[in-house]
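**Q** Sequence:
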Amino acid sequence: GDLEILSAGRESELSQNNRIVLELPDEGYPLEDMQETIARTVLKRMDGNITKAAKYLDVAWATLNRMAGKKKHGD
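Residue numbering for the sequence shown follows this note's numbering, starting at 1 and increasing by one per position.
Derived from the structure by calculation, the hints contain no laboratory data. From the three backbone atoms N, C-alpha and C, an ideal C-beta is built for every residue, glycine too. Among the clues, some could well be false.
The following label-pair restraints were derived from C-beta to C-beta distances [said to hold, decoys possible]:
hint: 1; residue 1: R45; residue 2: L24; range: 34 to 40 Å
hint: 2; residue 1: A62; residue 2: D26; range: 16 to 22 Å
hint: 3; residue 1: G69; residue 2: E27; range: 17 to 23 Å
hint: 4; residue 1: L24; residue 2: T63; range: 30 to 36 Å
hint: 5; residue 1: W61; residue 2: E27; range: 29 to 35 Å
hint: 6; residue 1: R19; residue 2: D58; range: 25 to 31 Å
hint: 7; residue 1: L31; residue 2: A62; range: 14 to 20 Å
hint: 8; residue 1: K52; residue 2: P25; range: 17 to 23 Å
hint: 9; residue 1: E27; residue 2: K52; range: 32 to 38 Å
hint: 10; residue 1: P25; residue 2: V59; range: 34 to 40 Å
hint: 11; residue 1: E27; residue 2: D47; range: 31 to 37 Å
Please model the complete structure; the sequences and the hints are all you need to start from.
**A** Below, the structure written as structure tokens:
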């Protein structure tokens, strides 16, 4: 898959050709926010399965959970 980068807002989508499109606003886009967008997009593609998404992104389950902005129960 390819990463296509456009200028403008902070929208992301995974199209039918398996691309993630990130729009980059003029005012900047923090890397942490970009990671969260990618993590959430892949999670959605994997039907919310964190284990599959983590394997797909080659990161630990806990890392993906953090990147996606999710918190463990009790946090």
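**Q** A separate judgement is required for each hint: does it hold in the structure or not?
**A** Taking the hints in turn, this is what the structure says about them:
Between R45 and L24 the beta carbons are some 21 Å apart, a value that contradicts the proposed interval 34 to 40 Å. Range check, A62 to D26: Cβ separation about 34 Å, and the 16 to 22 Å hint is violated. The hint said 17 to 23 Å for the Cβ distance between G69 and E27, and at roughly 21 Å that hint holds. The hint said 30 to 36 Å for the Cβ distance between L24 and T63, and at roughly 24 Å that hint is violated.
Distance hint for W61 and E27: a CB-CB separation of about 33 Å, consistent with the stated range 29 to 35 Å. The hint said 25 to 31 Å for the Cβ distance between R19 and D58, and at roughly 18 Å that hint is violated. Separated by about 19 Å at the C-beta atoms, L31 and A62 satisfy the suggested range of 14 to 20 Å. Hint check: K52 to P25, Cβ distance near 30 Å, so the stated range 17 to 23 Å is violated.
Distance hint check for E27 and K52: the Cβ-Cβ separation is about 34 Å, which falls inside the suggested range of 32 to 38 Å. Between P25 and V59, the C-beta spacing of about 26 Å breaks the proposed range 34 to 40 Å. Roughly 33 Å separates the CB atoms of E27 and D47, a value that falls within the hinted 31 to 37 Å.
In the structure shown, a violation is registered for the earlier hints numbered 1, 2, 4, 6, 8, 10, in ascending order.
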